Structures are given as structure tokens and as C-alpha cells.
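We have chain A; now place chain B onto it with these hints.
Chains as they are written, first to last, in the numbering used here: chain A, 1 to 267; chain B, 1 to 267.
Calculated directly from the structure, the hints in this document are not laboratory data. Bear in mind the structure is a predicted one, so any value in this text is a computation, not a measurement. Even glycine gets a Cβ: it sits at the ideal position worked out from N, Cα and C. Misleading hints may appear alongside valid ones.
[Stated by the list, open to error] Short, incomplete list of chain A residues facing chain B, as computed with Cβ under 10 angstroms: (1) H66; (2) Q86; (3) P94; (4) I99; (5) V129; (6) S131; (7) L137.
There are 2 protein chains.
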Amino acid sequence: LTSSGNKSAPRRIYHLTLAYKGTPFLGWQRQPNGPTVQEHLETALARFWKRPVIVHGSGRTDTGVHAHAQTAHFTEEPRFPPATLQAGLNHSLPPEIRITACRLAPANFHARFSAIGKEYEYWIENAPVASPFHLDLRWHLPRPLNLPALTEALKLFEGTHDFASFTSNPGYERTNTIRTIHRAQIQKSGPLIRIRVTGNGFLFRMVRNLVGATVKVGHGRLTLEELSQILAARKRSGAPPSAPAHGLYLHRVYYDESTLQRRLNRA
Amino acid sequence: LTSSGNKSAPRRIYHLTLAYKGTPFLGWQRQPNGPTVQEHLETALARFWKRPVIVHGSGRTDTGVHAHAQTAHFTEEPRFPPATLQAGLNHSLPPEIRITACRLAPANFHARFSAIGKEYEYWIENAPVASPFHLDLRWHLPRPLNLPALTEALKLFEGTHDFASFTSNPGYERTNTIRTIHRAQIQKSGPLIRIRVTGNGFLFRMVRNLVGATVKVGHGRLTLEELSQILAARKRSGAPPSAPAHGLYLHRVYYDESTLQRRLNRA
Chain A
1 LTSSGNKSAP RRIYHLTLAY KGTPFLGWQR QPNGPTVQEH LETALARFWK RPVIVHGSGR
61 TDTGVHAHAQ TAHFTEEPRF PPATLQAGLN HSLPPEIRIT ACRLAPANFH ARFSAIGKEY
121 EYWIENAPVA SPFHLDLRWH LPRPLNLPAL TEALKLFEGT HDFASFTSNP GYERTNTIRT
181 IHRAQIQKSG PLIRIRVTGN GFLFRMVRNL VGATVKVGHG RLTLEELSQI LAARKRSGAP
241 PSAPAHGLYL HRVYYDESTL QRRLNRA
Chain B
1 LTSSGNKSAP RRIYHLTLAY KGTPFLGWQR QPNGPTVQEH LETALARFWK RPVIVHGSGR
61 TDTGVHAHAQ TAHFTEEPRF PPATLQAGLN HSLPPEIRIT ACRLAPANFH ARFSAIGKEY
121 EYWIENAPVA SPFHLDLRWH LPRPLNLPAL TEALKLFEGT HDFASFTSNP GYERTNTIRT
181 IHRAQIQKSG PLIRIRVTGN GFLFRMVRNL VGATVKVGHG RLTLEELSQI LAARKRSGAP
241 PSAPAHGLYL HRVYYDESTL QRRLNRA
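Chain A with its partners taken away, still in its complex shape (with noise of 0.2 angstroms):
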């Protein structure tokens, strides 16, 4: 509690990206009920510092949900070259959990506060029969689906828009519920539909909400004006339900405007 005689280095933030497969996890947050990824990296780095080291991830993500890049920081003395962190953390955690990048971070760095957007996709399998390699991976939807419909919808959620229509959060009356989509796109290979959207920041549960208004409209059960509508209402009553957990991907972490700018300029 007081300076004591210990030459401690002073401390550093090391900042990590992370893949990971949800489905055996309750989500990002440490929470009392079960495991979650947070709670296995916190266990993994207290076996390396000898005590409990606190992880701030970029964000949460829902139980089911997956990352090909979700990204946290914690900070402690840097007893360990980043490369080595990376190769130990690997052999602790779980394999549905993997270090994909660790790196000392500079002094003012947040893995959420300096987040300046994110981008997440959507897998959907879009095929009479689903297939059997892919099952906690994508959301299967047999009916075809129309992708100029899809394109379209997706469309009007780009700019900035209040989506208060599109948050599961129960309170979202007294929060800010204005967000902006820089894009959102669909891209198909053979059954894979994925669905990217990237934007400044976004709502509990936006993505999943906004997939499935948007695949209402693909299905021919719901029209642009319609979703137009709904969007302008501004309250979740009478919008479509979420689509599922496990077709969503938490797919980068911008911290950077030019890295940013350089994604959106790109085709």
C-alpha cells in the first residue's frame, strides 16, 4: 500500500486480438452462471502474473456469438515479450479461443474508449438443406432468399439514423439510440450470404435486429417502405425479431481513421 521496496516495472497495456467460437461460452462478460471469454483470458493471465489481471474488451458480445476479431487490453508490468504472451495464452485457453495478435499498446489506449468503429457480419446459409459442417456457424434459411431485396434494405440503413427500433436494450428510451452505418453489404459465395455492416458504434443487439428486418424484406414479407417505416417509428414494438446468436461474427475493431477510411474506399 505504500512504496515499498519492490522495483516493479512500471506498467504497461498490452492489447490483444482475439478469435473465438461462442457457442460453448455465455457470452464476452464474466458473469457468475457459467463460462464466458472473458472469464477464461482472466484466468489464463492470472496463471502469468501471479495475480488477478482485469481484461476491458472492446464491447461485450452475446452468448452464441462469435469473433473473428475481438480485441481487449489489460495493463501490468511487461514480464512478457507480446510474441511469448501470445504462444503461452494459446496453450492455456480453450482451442474455441485463440490469441490471433498481442501487442503493447501506447500509454493512452482503450480497447473500448479508443474504439472509433467496428464491423460485424452475418452469416446466413441459403439452402434447401443445411449443411452439417456449419451448424453453430451460420443461420440456415432454406426459402431463397432475393439478394437485390436484401441490398436494397441494407441500403437504408447506411448514414446516421436513430435505431431505437432496432435495440433489445429495454431502457433504450433514455439513452442515445443514434448511430451511424458507414456500409452495409452483402457478399455470396455458392450458399454463404454475409452480411457486413460497419459503423461507428451499435445498439444491444442492433446487428441481429437489423438481419432480421433485412431478411423479411429478402423473403418478400416486408417492404423497403415498409422497413423505411419502421425505422423512422423509432420504437422496437412492431419491428421483426432478432435474428439468431450464432450467425453473427464480431469482425474487426477500427481504432484508426485512415485504417478505416481505407476499408470503406475499398470496393
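Structure of chain B alone, referenced to chain A:
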């Protein structure tokens, strides 16, 4: 037991194509120690015909081995149109087994004896960190593989050879171990290396044994000359170990010479 009054229709042959993820099954063939694909399929079929139905596969697959397109047949009264049966089976079967095609076959069709060729794929993930999304679906090899060396190694197997060095059948010396490999090639896309082997037939564990040896060459631990000697030795002892089951896929079964030739003539 005698010609009864029932007006049972003449039996027909149903020809099924199946995709399955091998992870939860003790292989294809029915056995007392645990669930197999054949057992699940026969159980589902018995519900339709209200009596035991025996299924014949194109061949066995080992525990953990996957199939993109296993084939099987059974002989029964054609009470159900193929499309109805396919939908009903997919409703009954676990999601790791999918019927991808169902048709009525000519009277002389046999899933095993009518086959004129087979194709396997072996999937390798060659990247420093394994993806958490393909844990039971690819063999993870962190050390870089030399692709030209892999290609050269596979070329050695093309043609008609005695593959005794590459079967795990303990009684192989008393059997015919000569097979023809029409083609053995690799395809790379990102970290995924797919080895595809097409032949007139395969010995027990042959593809996994060929891949185990090929990877040694790709890692520079075995020369082409040594591999050639192993093939010529015609004995299993001294050959490199088998590649693991979870990277292997039964990719296709050929019943028609012109279909096979078209495949082989494609680049």
C-alpha cells in the same frame, strides 16, 4: 412366409447421398459400442417402413472422418417419393447427418459394387494459430508446408501401384493391395490446403497414410527419393504415421465412367 393376400408393390432401390460431420459418430458402420451413421440412418428408415431396413454404404468411414457425399442404397417397397423421404429423413436424423440427394436407382444398382471410383479430400490448416471455427474439420499444422514439395510427393502416387506401404490393414499381405490413383493434387486458399485424391479404390486408411507421408515431405523431413523407396518397399512398417481422422472427407463416389472422365479432364 407364403404368398399372402397383401398387395405389396415390387421392391425398388433407393439411392441416397449423405453429408455428415464425423465428429460425434464411431464411423459409418453399425457397431455395438456407440452411435454410427449407418445406425442413425437405419433407425430413421425403420420409422418410415415400420420394419428393419438394411442400408448398404459405398464403404466404411472411420471414427471422426467426414463425408461431403457418402452414398448408400436400400431395397424397399417404394411407398415414399424420393423428395418426401429426403425431407422426412432430414427431419428425423441428427443435424450432423444430412441427406443431400435421394432417388430411385435401376434394379442392378449397388452402392458399393457399382462404384467405379472414389474421391477423398484431406483438409489441412497451415497457419501459426489454428482457427477456432474448424477444430474438428481440419488438421492444424503450424509449420509452413512447402507446396511444390507436396505436389511432387502426390505425383509419385499417381498411376497404378502396390500401396501395401500405405494400408493399416494388419492382414494386408494376404490381400490385393494394388490400386490406381487417377489424380492426387493440392488446392490452396488462404491457410486451407486441400489434398484431393481420386482413384479406382482405396485400402484401409490409405488416404490418411498417404497424407501423413506427404506432409513429411512438405516439412522437409522426408525426401522424394525416400518416399519413393517407401512406396516400393510394399510394407507398412517404416512408413510415416497416419494423418488424423478429422481432416479427411469422403468427397465423391463415382458410378459412371463418363462422369469420372469429365472430372479428370477438368483442370
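Results for each hint:
no.: 1; hint: H66; verdict: holds (7 angstroms)
no.: 2; hint: Q86; verdict: holds (8 angstroms)
no.: 3; hint: P94; verdict: holds (9 angstroms)
no.: 4; hint: I99; verdict: holds (7 angstroms)
no.: 5; hint: V129; verdict: holds (5 angstroms)
no.: 6; hint: S131; verdict: holds (7 angstroms)
no.: 7; hint: L137; verdict: holds (6 angstroms)
Of the numbered hints stated above, none is contradicted by the structure.
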